Amino acid sequence: MDWQKNLLIAAILATLLMLVIRWHEFQEQRPAPAAVASQTSSSAATPTGAVPSATSEIPVAANELSEAAKVELAAEKLITVKTDSFDLVINPLGGDIVQLALPRHFLKLDTPDQPFVLLDNRDNHTYLAQSGLIGLNGTDTAQGRPLFSSEQQSYQLADGQQQLQVDLVLQQGDVKITKRFTFTRGDYLIKVDYLIDNQSAAAWSAQLYGQIKRDSQNFVKVSALEMNPFLGAAITTTDENYKKLTFAKIAEKEFKTTEKGGWVAMVQHYFISAWIPDADSQNTYHLRKLGNNDLYLMGFTGKVNEVAAGSQGVISAGFYAGPKDTKRLEEISPYLDLTVDYGWLWWVAKPLFLVLKFIHNLVGNWGLAIIGLTLCVKLLFFKLSATSYKSMAKMRKLAPKMAEMKERYGDDRQKFSQEMMKMYKTEKVNPFGGCLPLLIQMPVFLALYYVLMESVELRHSPFFGWILDLSVKDPYFVLPIIYGITMYFMQKLNPQPTDPMQARIMQMLPLIFTFMFLWFPAGLVLYWVTNNSLSILQQYIITKQIDAEPSHK
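Under the working numbering, the first residue of the sequence shown is numbered 1, with each subsequent residue one higher.
Careful: at least some of the hints might be erroneous.
As the list claims (entries may be wrong) - In silico lysine-lysine, DSBU-like type, Cα no more than 30 angstroms apart, as pairs:
1) K289 x K406
2) K397 x K415
3) K327 x K82
4) K428 x K406
5) K390 x K544
6) K243 x K253
7) K390 x K401
8) K401 x K425
9) K350 x K303
Treat the hints as calculated values from the structure; they're not laboratory data. Note that the structure is a prediction, hence the values are computed from the model and not measured.
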């Protein structure tokens, strides 16, 4: 009996330790508010327009004999683009996306007029998407970056319009280069094309590069009881489908690899940005720290593209900036969906999420979907739980006999153990029966934890009443308190330890778990409240049945 309780306590404490470790890997990314830049933006939100340090920022081509584009670096005018998915700003100097907000995702639930800003370029924060051409006839060189022109300074996706194209034009001698951004309604994937019209007498040659430039800053003050998600780079390689690199690892050593197709991404809680180059060509990926500054580059350089004299050509890549939508990421590129990181229990978490999403499609509420998922899990483990509850009910019924035996044999623990095992055999009680079924269910709980923490679908999703966001803690701690009460009643149905110290520890567990769950996502606590309530009902019925059975003499 005692060692059985020790095993259960150890399992519970081990689970708690794993959750505490996860706490320090999960904390919702909440960037400081920033208004979307416009032509009248303040200087703090407007790119300076200074020429980048090409020797450190622009990738080095295989042939570094390129000529600087013959352009005048006049004061640029920012280009604004509005679609149903984006409010973004393009700097014509280089054609970089220097600010990008997601109007369908709010910064906070109580600020629906303030979109979540993913890319930004302020005095105290740098996060932008760069792309260009390097090589023999490249436009991005050690001497500077090209200044494109556009027909308009503002573009908007009109009602009923499915696609919006924004063209930036550069005349390079007899070669016309058009950098085209294509936005599609309802999608977070931006197509970036370089259209080359070579009317010169010689062949034109260059390589496309795309990169994410970001600092390592996290503006959120993280306390010991809050959850800190992964913030850093990710890439797919031949050896690893999903490889994460923290800023510290990148600063320690530059990462470089050449892959067919592939992608490189900047990952944070619920959202990512990623460059996806041509899937059929060899691309060189680089992740490095930029000098001594707190700036990091995560990007790719494509193959050498040649356009014959008097002909046209297109060089393309994709840039995704938006939520971690598993289905859409799967469609875009192999293994990009792994940025929805379910950890080592992905094989349990993925089916759980599919069931959760299926139920949500039926009931239309994520809170009800969690309750429905809990019912499914309980049905899955119904017989296993019944075995556990029967074992615990029998142990509870035998508790008076065990207390009598302990008093009878006193300090003779060997004799006490022998008689206890004899009683187990007579009463047909399996001492493992109470613990092992509970331990088997632990991976499901941990996998659901990953699902609720990683699924952007639950972000800002209400349940009812005071629960306005299932992805964050209960603001009034009602669910954690209810959880503690249900755990208390569950303990009352279980056999009590004969050792006074163990009994006190078990009595403290409802308080300990209640305290821990105060900062857990409301959706996760809702799962446990529902699970405990169903368990109490099942265990109560089984206990009554066992109590009605006659004991062996």
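Cross-check of the supplied hints:
At most 30 angstroms may separate the alpha-carbon atoms for a hinted pair to count; K289 and K406 exceed this at roughly 67 angstroms. For the hint pairing K397 with K415, the CA-to-CA distance comes to about 21 angstroms; that is within 30 angstroms, so the pair holds. For the suggested pair K327 and K82, the alpha carbons sit about 24 angstroms apart, so the restraint of at most 30 angstroms is met. With a CA separation close to 20 angstroms, the supplied pair K428 and K406 stays within the 30 angstroms bound.
Taking the CA atoms of K390 and K544, the gap is near 10 angstroms; set against the 30 angstroms cutoff, the hint holds. Restraint check: the Cα-Cα separation between K243 and K253 comes to about 15 angstroms, which is no more than 30 angstroms; the hinted pair holds. A C-alpha spacing of about 18 angstroms is found between K390 and K401, which places the hinted pair at or below 30 angstroms, so the restraint holds. As the CA atoms of K401 and K425 are separated by approximately 14 angstroms, the hinted pair is consistent with the 30 angstroms bound.
With a C-alpha separation of about 36 angstroms, the suggested pair K350 and K303 falls outside the 30 angstroms cut-off, and the hint is violated.
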